[in-house]
Amino acid sequence: MDLPIDYPTLRVIWWGLMGVLLIGFALTDGFDLGVAALLPFVARNDGERRMVINTIGPTWEGNQVWFILGGGAIFAAWPFVYAVSFSGFYLAMFAVLASLILRPVGFKYRSKRPGKTWRTVWDWALFVGGFAPALVFGVAVGNVLQGLPFHLDGDLRTHYEGGFLGLFTPFTLLCGLLSVAMLVTHGAAWLGMKAERGAVADRALNIGTVAAVLASVLFGFGYVFVLLGHMGFRIEGAADLAGPSNPPATQSIAIAGGWLANFAAHPWMWTAPVLGFVGPWIAVTGLRLRRGWAAFGGSSLAVIGIISTVGLSMFPFILPSSIDPRSSLTVWNASSSQVTLFIMLCVTVVFLPIVLAYTAWAFKVMWGRSTVAALAVNPDLY
Amino acid sequence: MDFAVVELSRLQFALTALYHFLFVPLTLGLAFMLVIMESVYVMTNRPIWRTITRFWATLFGINFVLGVATGLTMEFEFGTNWSYYSHYVGDVFGAPLAIEGLMAFFLEATFVGVMFFGWEKLSKPMHLLTTVMVALGSNLSALWILIANGWMQNPVGSAFNPQTMRMEVVDFGAVLLNPVAQAKFVHTVSAGYVTASAFVFGVSALMLLRGKWPEVAKRSMTVAAAFGLASSLSVVVLGDASGYALTDNQKMKLAALEAMWNTEPAPAGLTAFGFPDMKTHTTYAAIKIPYVLGLIATRSLDRQVEGILPLVATAEVRVESGVQAYDAVQRLRASPNDVAARAQFEAHKRDLGYGLLLKRYVADPRTASPALIQKAAWDTVPDVPVLFVVFRIMAAIGFAFIAFFAAAFLMVTLRRHQTRWLLLLAVVMMPLPWIAVESGWLLAELGRQPWAVDSVLPTFLGASSLTVPQIWTTIIGFTALYGTLAVVEVGLMVRFIRRGPYGAHEDLIDPPGAPGHRGPAPAPAPAE
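In the order they appear, the protein sequences are chains A and B.
When you read off a place in the first sequence, starting at 1, and then add 1, the result is the number in my numbering.
When you read off a place in the second sequence, starting at 1, and then add 146, the result is the number in my numbering.
It should be emphasised that the hints constitute simulated quantities derived from the structure, not laboratory data.
Computed from a predicted model, the values in this text were never measured in an experiment.
Keep in mind that the hints are not guaranteed to be accurate.
What the hints assert, rightly or not - Some chain A residues close to chain B (C-beta under 8 Å, calculated; not the full set):
| no. | residue |
| --- | --- |
| 1 | 157 |
| 2 | 348 |
| 3 | 363 |
Positions of the beta carbon are idealized from the N, C-alpha and C atoms, including for glycine.
Here chain A stands alone, though its shape is the one from the complex (with noise of 0.2 Å):
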């Protein structure tokens, strides 16, 4: 079939749309995942939690569907990606599964029984709901930087050699403490703009301080670790850009410094890492100001410099093989075909567009700060 576009050129549009869609639900339920994880320490009463919850209350379903739109783009245009990433984190995938599960029943539930102990034992299933997979989401990147444990045999199913435990090094760890700093951060600086000013806009405005500064730090570390643990892959020789998708047939190897050579390459592609280490300071500023959309706004852009520079590092790298390289996962060999990639991207041109403009429309509507007096007349609020 011919096609308007061609393979190579639909592959990058959907790698980028692969990040356009995990920016969208770091930005989204990420503050989301913040405020969940801040949820214990904020607030100390059963009002100042609801009031925090109800910052959240109407738009978390929405947001969460980022996520659940993430793993099916993934299926269906990198196939490859979805298959081993999600069978070789199985146990972790699972974590990262009941915690989400815990996490829109708590929301919901909650409030709507009295009892204290009901509502402490939702309130710390909602700081896991949080807490969990921001670590487990910043543990798996960071694996996925250093090669992940598999390989493809000759019918192109993936073996895993790793284990649960062995996810977890000191770099791994650190990307996962980035991660929860980054969307605490990013929660805090929500809160500020969402809840009601007072004790509870202020303890999230001092430990948001302290996560974004934590941030910037640990995304100094991250950088440090890169450059002397020698990460990276490349790939030997000219990769065949329009080829069919069989991972095994491209000849990647691992090669010290690999995740650096595009930012030589490439000096433009610097503006993320300075976006990723100058954004957490701008929502500092933002959060000593008592500016909230500053705060928000800084907390934005360092969560799309932090995972652009991941991305942009990689490339063309999705999911780097450390025992076998050339079972590594590339741009160009673990892509869906060419007529599914150009469906799905009109299908995505169609909708995207639609979904965007009814979220702002329902983030409009639901404007205005949580406050702990509305509690008490608004039958609506959880």
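Given chain A, work out where chain B should sit, using these hints.
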């Protein structure tokens, strides 16, 4: 191939899917019933309809959130437990799942927040519009999921690519317009509407039996009886039998659920009752109703419904042909330009999956003996006694609801809502739709065995390379988590049903006699 891993992965998938499907049907139906109730409110402007809508919306919310939460598991379980399946069919199967997220789930999830929190922030028609969007989103969601599932039952519009060792899309239109998917969609959402109608009618009956809130209960019953009668007719009349003539696997499913071992002269009779025996290929104590099966399955008097034994003979030929296809694939992978191998592949490719059935017994299907080929052909027969039973449970409940809702519709039309036998019957029948829908899932998916994708990929090949302890960990984890959530959910449902439509919160903003739409939150605005 570790078969313990395969069987445990199947068990986990079945448990998580059956659990997810406890919540989905109610969501599908209740969303539309909320639209009906709220439309009446917007058109008549009578506050009682607002009270009714909000009462059922509260119960909807408690149920909805678990459907969403457990749906997360389904989205990722293909990757975690069925990674070879994900690789093998992701090019085709992933697309409807992704489109479901983009087109349907975003719609449903974004508007559901506005629906619950926007009562005081939106005009009445705008709020009704958000409710419509929630109903539309959840039902579109079902459409895309069933397009994905329909492709597993009848894999149209795709072809195997030896260079990438997977199925790839050749005609996406065919995947969308798959007749099996369409039949399944209508059948499944109708079943959801019946479930919701039975729920609303049953809960209302409980209220009347306790002498509580008759003004809410009676109106709800009227909506439920009408919606339930239409849906229960649709679920049976537009059942997914229409897809049963399409593929060998679908024919096998039909023969198996009827325990019809041999082809009978057209039109075949329907076995109402019996004891099928897999070993002797006989159904003992069978009670047959002449002609009915042939009429339903083929929509004709003269076309035959094939029996299990002749279908196994067909399968044997296809396994032999599949070995040829497998051989051609191996040669094409070694030298992609081998013309003879390409010709051989083209001639036998539709049977490649049948060749893969042999991988259960030998690493290389080309070395299989005739005895193994025969064994593989017999593997295409699903579990006949189980299908025979679950089909009868599902069908019996389906017909029972037509009778029930016909009676209910008659009684509410005559304004005899308080008829005691009807109320008691409604309460007794309330759990039955769930038994029917779970039976229907078992029928559709056990009936698909041994295939993950009909004639393309055997289920056992689709599993991930995991270990038994890993899967036991997650099975135990899911069981504990889901079990706890089920108890919590039912507890909350009961609590809010007992509290009724004028719970503490409602009193807050709807003092008796206050009409219509109210000022914006948070102020307890005075009546207009």
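Supplied contact hint for residue 363(A), tested at 8 Å Cβ to chain B
The hint holds - residue 363(A) has a Cβ within 8 Å of chain B, the shortest such distance being about 5 Å.
Holds or violated: is the Cβ of residue 348(A) closer than 8 Å to a Cβ in chain B?
holds (5 Å)
Quick one, is the residue 157(A) hint okay against chain B at 8 Å, beta carbons?
holds (5 Å)
Of the numbered hints given earlier, the model fails none.
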